[in-house]
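Taken in sequence, the protein lines are chains R and P. Using the working numbering, read the first sequence as starting at 129 and increasing by one per residue. Using the working numbering, read the second sequence as starting at 55 and increasing by one per residue.
Treat the hints as calculated values from the structure; they're not laboratory data. There may be inaccurate statements among the hints.
[As the list claims (entries may be wrong)] Stretches of chain R that chain P covers, calculated by requiring three or more beta carbons in the stretch to come under 8 Å of a beta carbon on chain P:
1. 167-178
2. 208-221
3. 349-363
Virtual Cβ for every residue (Gly too), placed ideally from N, Cα, C.
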Amino acid sequence: MYSTLFAQQAATINPWELGIPILLGVVGYMLAAAAPERRQNIPAMVCLMGAIVAAWFAWWQLEGNVVEDVLFTSFAGLMVMAGCGMQVETRPVYSALWFALVILATCGLFLMQGAAFVSAATIIVYAGAIIVTFLFVIMLARQGGKSTYDVQLMQPMLAMASGGLLLAALVYAIQQPVPEASNAPAPSVNMSAPIPEDASTLASLGRSLFVDHLFAVELASVLLLVAIFGTLVIALQSREQAR
Amino acid sequence: MTPQLYNSLLISAVLFVLGTVGFLTRRNLIVMFLSAELMLQAVALNLIAFGRAHGNYHGQSFTIFVLTVAACEAGIALVLFLALYQRFNSLDVSVWHELGEVDVPGDEPEILAAQELAEVEVFPNYPELSPAGREPALSSDGTSFVKGPARKDIVKRG
């Protein structure tokens, strides 16, 4: 595997192209997440924006279809910006709202890749249920003023270094040319049941779920049931202990 | 590799790294959990992009399972956070720093020092966890465990 990867490695990857967006992003994050008395918001914003723009210039590929390109790029940009905002924000309520924005942008990307049902389900489950419960918990656990643990980060230098390395490795791996699939079997369109050509997305997805992954569906339902019981047990126990 | 697949992989790599960094650095339990969810979303995006590239629905099915697991996780995590909050009135993850085996010495002195500096006034009482990892003493006839007083050999830390 490694030998094929490195044998085919074309010298197309400029280290500056790989490094500059990541460096800018790391610097921007460090500026934004520094200790509160040394925090600099404007340079941090500039650096993060510069990282996004540099990444767009260095890494992004356009498809040629204007509408799709514009939509995809804007969803992706929105997602990355909201993700940065979530990690930089010190108030947990706003973090949760940024997270909801990330989810919405991701759902836009899902929709553009022909996953309409998954997109709607994600919006309902995440933005509708999880975020609302989170806000509920945050408001239950409300503290007077800002708490130290929201402002102080744990080992930001090490985390940023490892995050930057991880991102560099991932982008490097993604930019490698795909090895020729010489003797690999052709990807099967479906494991068992053929999908009729005129079937809608939802019908095909249902067929895939309940024909190919039936056991997993049953397993998931058991998992949900166990999770409900676990939640109830923990809640009742903690209430008894608090008494 | 089509540009759309390539871009999706790229964007999900960025999202995953953002989630990782948040999980490593943030100290609020809720924000840490949201960062973990961010990583799950990145994986879901990858799955959908690959499913699209292969022209089948397995990616979308997997994403639905990811969604299911995330929902279970959220329920359990939230009720745990509430229980923890009721005990110490804080959502700080380093309050639970000492959660562990009694025999293993505590590590990361700088974190402990920083915590002592920063939060002496916020948390006047440090956590007193019941120690884990020891076998409870058996009663004399060997049929049941002794509760309470037999465990006084355990030294309270901190």
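Each hint tested on the structure:
no.	hint	in the structure
1	167-178	violated (count 0)
2	208-221	holds (count 6)
3	349-363	holds (count 9)
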